Structures are given as structure tokens and as C-alpha cells.
Amino acid sequence: MIHVDQLYYRYPGQHHDTLKGLSFQVAPGEMFGFLGPSGSGKSTTQKLLIGLLHGHRGNAQLFNKDIAQWRADIYRRIGVGFELPNHYSKLTALENMHLFASLYGLSKSQATPRIQQLLADTGLSDQAHLRTEEFSKGMKMRLNFARALLPNPDLLFLDEPTSGLDPVNASNIRNMIRQHKEQGKTIFLTTHNMYDADELCDRVAFMVDGELKKIDAPRQMKKQFGESTVTLEQRNDAGQLISADFPLQQLADNPAFLQQLARYPVETLHSKEASLEDVFIKVTGAQLT
Amino acid sequence: MNSFALLLLTEFKFQWRHGFVAAAIIVTLIWAALLSLLPAEQRPFWFSIVASIDVSAIGLLFGYGLGMLDGSQHISPALRLTPIRSIWLALSRLIALSALTILTLSLLAVVIMPLQQAFALFPGIVLCAFFFSSVGITAARRLASINQFLIFFALSGMVWAVPILYLAGLLESPIWVMLPSGGATALLKFGVENTPLVMGVIACLVQLLWTVVCVYFGERWAAVNYEHRFGGH
Ligand SMILES: Nc1ncnc2c1ncn2[C@@H]1O[C@H](COP(=O)(O)OP(=O)(O)OP(=O)(O)O)[C@@H](O)[C@H]1O
Ligand SMILES: [Mg+2]
Chain A
1 MIHVDQLYYR
11 YPGQHHDTLK
21 GLSFQVAPGE
31 MFGFLGPSGS
41 GKSTTQKLLI
51 GLLHGHRGNA
61 QLFNKDIAQW
71 RADIYRRIGV
81 GFELPNHYSK
91 LTALENMHLF
101 ASLYGLSKSQ
111 ATPRIQQLLA
121 DTGLSDQAHL
131 RTEEFSKGMK
141 MRLNFARALL
151 PNPDLLFLDE
161 PTSGLDPVNA
171 SNIRNMIRQH
181 KEQGKTIFLT
191 THNMYDADEL
201 CDRVAFMVDG
211 ELKKIDAPRQ
221 MKKQFGESTV
231 TLEQRNDAGQ
241 LISADFPLQQ
251 LADNPAFLQQ
261 LARYPVETLH
271 SKEASLEDVF
281 IKVTGAQLT
Chain B
1001 MNSFALLLLT
1011 EFKFQWRHGF
1021 VAAAIIVTLI
1031 WAALLSLLPA
1041 EQRPFWFSIV
1051 ASIDVSAIGL
1061 LFGYGLGMLD
1071 GSQHISPALR
1081 LTPIRSIWLA
1091 LSRLIALSAL
1101 TILTLSLLAV
1111 VIMPLQQAFA
1121 LFPGIVLCAF
1131 FFSSVGITAA
1141 RRLASINQFL
1151 IFFALSGMVW
1161 AVPILYLAGL
1171 LESPIWVMLP
1181 SGGATALLKF
1191 GVENTPLVMG
1201 VIACLVQLLW
1211 TVVCVYFGER
1221 WAAVNYEHRF
1231 GGH
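In order, the protein sequences belong to chains A and B.
If you count the first sequence from 1, position 282 lands on 282 in my numbering, and the numbers rise without skipping.
The number in my numbering is simply the position in the second sequence, starting from 1, with 1000 added.
The hints are simulated quantities; they were obtained by calculation from the structure and are not laboratory data.
Check the hints yourself; a few may be wrong.
Stated by the list, open to error - Computed from the model, here is a short list of chain A residues facing chain B with C-beta under 8 Å: (1) Gly51; (2) His87; (3) Ser102; (4) Tyr104.
Note that the structure is predicted; figures quoted are calculated from it, not measured.
Where is the CB? At the ideal position from N, CA and C, for every residue including glycine.
Working from the sequences, and respecting the hints, build out all of it.
And the structure:
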């Protein structure tokens, strides 16, 4: 679906490459996460792949065809959710959606039920007749997302789809992304939200400073690099709460743990899974935010 | 409704809701009040002067203003990622903006002079409206900052002024018809006077040519200045 080989990109007028030789592939039906700290080049990669930037070096293919050979008809097959809201502010949500549906070539009879469904799914039905200038940031982002799904794209690009959303709406959006994937569609998700990446993606790529450091399934990465721990909290003789971490592995044979356990009464005992964020820091040596 | 019709409707809504229509109506009402103070036989002449100035100002300022609004709402990248070609976007804006000026000025003409005289001025109004709208829209694509636009507005004023001087009878030679806005301005003049038809046809053709040139360069510049997309613009 996406084949990228030794992709380099330098913004005009800059003295160094923003993308430094990326190579990765995304299979049909896969949800692929692009993860990295701010400024690492995630949006730049996405913009190249959707045609908003040009002048790359190296190889990039969509649907098995070099991106340089694609014509505007590709935009019927890809949907793009932008990082920032962009709507006609004096048009209502419904008017915005109908205009874009028509530009994607949907007839009115196809567009109307689809738009209603998308607005309902994103929780915007009640605000459909409001002008988008009256929308909050989160509402605009949800409309961005709804518009990206409008052409029912085979390949969906999402740039930070849950940024600025409250937990309920973020979870709604995640569900919609999952549903879209269940139809066999491919999704390229750009984010610095570890939780989204871990929850949703089949594989994630760690990007730091324009380079891909690691590509693998989140589970696999956590298994390989993450270390599950147990946190023991106790109250000592002075009544103070003390806490210590121990590796989960071979806990029962860990003399330090057993010794500590016997010393004071136990207040709490938690096991903690390694998070993708821990893995990221371990693998790349960089912080995520 | 096909997508071009919906684009056109969107353009009308865009202009209406951003207050462009209201502004055009207010300006027209002011002109109507002023022109109605003149004796009836002088009105067509003064109308032609007013029309040539009014259309150039509205076309340039509104055309540019609409482009700036697009920019501030970041609509262009979203539109670029649909299969529609940018020429249709430009044409929808050109038609909608021209329609606004044609409508308001035709109304003004009909209100202050007999129908037959108003009718004679109609071709000049239409061509003037299309040309200046295309210049304003093109300027928005080419000139990224308001400073650049203001300098362009001031300097280009000389080019637009010469045909108006010809229209006012201060310049004699019909050679000024060849200037970018010369044809349409001359048509306004011919609408007031009794001019041989052949002159009118020449003015018409010259003006159409300039309008096409302007739209063409607008598209070329869009391709260079606007960000890229697959398959060109
Ligand atoms: N138009 C531009 N011209 C020059 N440099 C740019 C431009 N856009 C982005 N950059 C630079 O390219 C680098 C990567 O930016 P990009 O937007 O791809 O980062 P990102 O990973 O998406 O970050 P974020 O998580 O903040 O969205 C940054 O150093 C940025 O300064
Ligand atoms: Mg980004």
C-alpha cells in the first residue's frame, strides 16, 4: 500500500535534510503508527505522501505506483485528516461537508446519508447547522476527521486525530478509526500520543530527528525492550510511606524483594506493564514530548 | 447538483456572509444618491465614469480580500486534496464576484437612466467586471502580503487610470483601448456615445483577450506559488 525507500527531504532554503533516508512499508489493511517527538518530521512525511510537498529524493509509492506518477484522481482514494482545523468558517458543518462530498464526486443521494452518519458518529449532529466559526477546537478537529472519512478512502492519513479532544470524544474517534480498519482499509496514523499508538496500531515506527529508529508491533517492542515492574508501598516504623520497584520476572526468587516485603506492613502492591513510552525512551534515547 | 454549481453557491455564500454583498450594496446606494442629483441627460456619462472606477476598486479589493480570507481559514490545502482542478475554483470565484458587480451596477444604471441607455452600457459593465475580478483574484494568488498588494494597487492605478481619461474625453487617441482595462472602459464610452459597431467589437475582443491572459497567469502562478499536489493544479 505504501512503500518508502531511502526517502530524503529538505525544505527549500534549509541547509539540512528534515527527512534522512526513511524506509518502511505499510501493508494493505494495516494500521501503521508514526511516532516521534515534536519536530521529528512526522507531518513532513505525511505531507510528502499525500502530495502537498514535492522535491523528495528516494523512492515512495502509493498503491504500487510511484507518487510522482499519481494524478489528482488519487484523491478519491485517500482521505486526509489534517493536524489543524481547516474549514470555511462562515459555512455550517453540514455545508462544509456537502461541498467536500461533491468535490470528491459523491452524488447528493450518496452524500446525504453518509454525512449524517459521520456527523452522528463524531457527535456533531446537534451542531450540524452551526457555522464552524462557532465551533470549539475539539469540534473542529472532529469535523476534520469526519471530512477525512467522507470519500470512504482505501488509505486514510490521520495527523494527530485526537489532539485537543476530551477523553470521551477521543475514545469515540479511536472507535471510528478501528471501524474503518475493520472494513479492510489501511491507516497511516501520525501521533505523539503513545496511548493511541499502543491501542490502535498493528505496527509503529519510532521517528527521531528525521530518522526511523525502530519499526515493530507495540506488543513485540514492549516484550523486547520493556520491563514489567512491581511497585511495593509500605509504611515504616516512623509511619512514613516508602516505595520501591522490583522487576516482575522471578519475583518470588528475588531476595531483595522478599527481604523488603518482610520488613514492614504492606500498604499497596502493584504490577506495572512497560509502556510504549518507556520503550521509546529506551530505544531512541529521546523523550517523546 | 454538480460540484461546480455547488462551488459557485459556496462562493456566493462566502461573499454574502463575509459582508462583501452588503458593502457593494452600500457603495451602490451612495452612487445612486449622488447620480440622481445630476440632470438626466448627463447621467449616462457620469455613470460610465463611476462604473469604471467602482468596478476596478471592487474587483481588485474584493478579489484580493477573498483570497486573504481563504488563506486565514487554511482552506486551500483541504481543497487541493480533492480531485477538483484549481481552474474550477478560480472560475467559480471569478463568476461569483463578477456577478456581484454586474448586478449592483446594472441595478444602478436601470434606476438612474432609461432602460435603453442602461442596456447600451451593459457590455462594458460585464467585461469590466470580469476583467477586474480576474486581476484581484490573480493578485491574491501572486502577492503573498498585504504590503505587496498595496504597492501593486497604487502602481497599477496608473494603468487603469489612462483608459478612464480616454473615457472622460481627456485623451483622444483610441490606441488606449489596447491597455489591459482599455477595451471594457472604451465599451462604456461607446455605450454613451454613438460609436461604429466595429470599434465596439474590437474593444470587446481586446478585453476578452486580456481577461484570458490574466486568468491564465493566475493559474500558472497558482501552480508555482501554491503548494504542490499530485497531478498539478
Ligand atoms: N515549511 C517549512 N519550512 C521549513 N522547515 C519546516 C517547514 N515545516 C516544518 N519544518 C521543519 O521540519 C521539521 C519537522 O517538522 P514536522 O512538522 O514534520 O514535525 P512533526 O514531527 O510533525 O512535529 P509535531 O509533533 O510538532 O507536529 C521541524 O524541524 C520544522 O521546523
Ligand atoms: Mg506534526
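Evaluated hints:
1. Interface hint at A/Gly51: satisfied, since its Cβ lies 4 Å from the closest Cβ of chain B, which is below the 8 Å cut-off.
2. Below 8 Å, beta-carbon pairs count as interface contacts, and A/His87 has one with chain B at about 7 Å; its hint therefore holds.
3. For A/Ser102, the interface hint holds, since its Cβ comes within 8 Å of a Cβ in chain B; the closest pair sits about 4 Å apart.
4. Interface restraint check for A/Tyr104: the shortest CB-CB distance to chain B comes to about 6 Å, inside 8 Å, so the restraint holds.
Consistency with the previously given hints is maintained throughout, with no hint failing.
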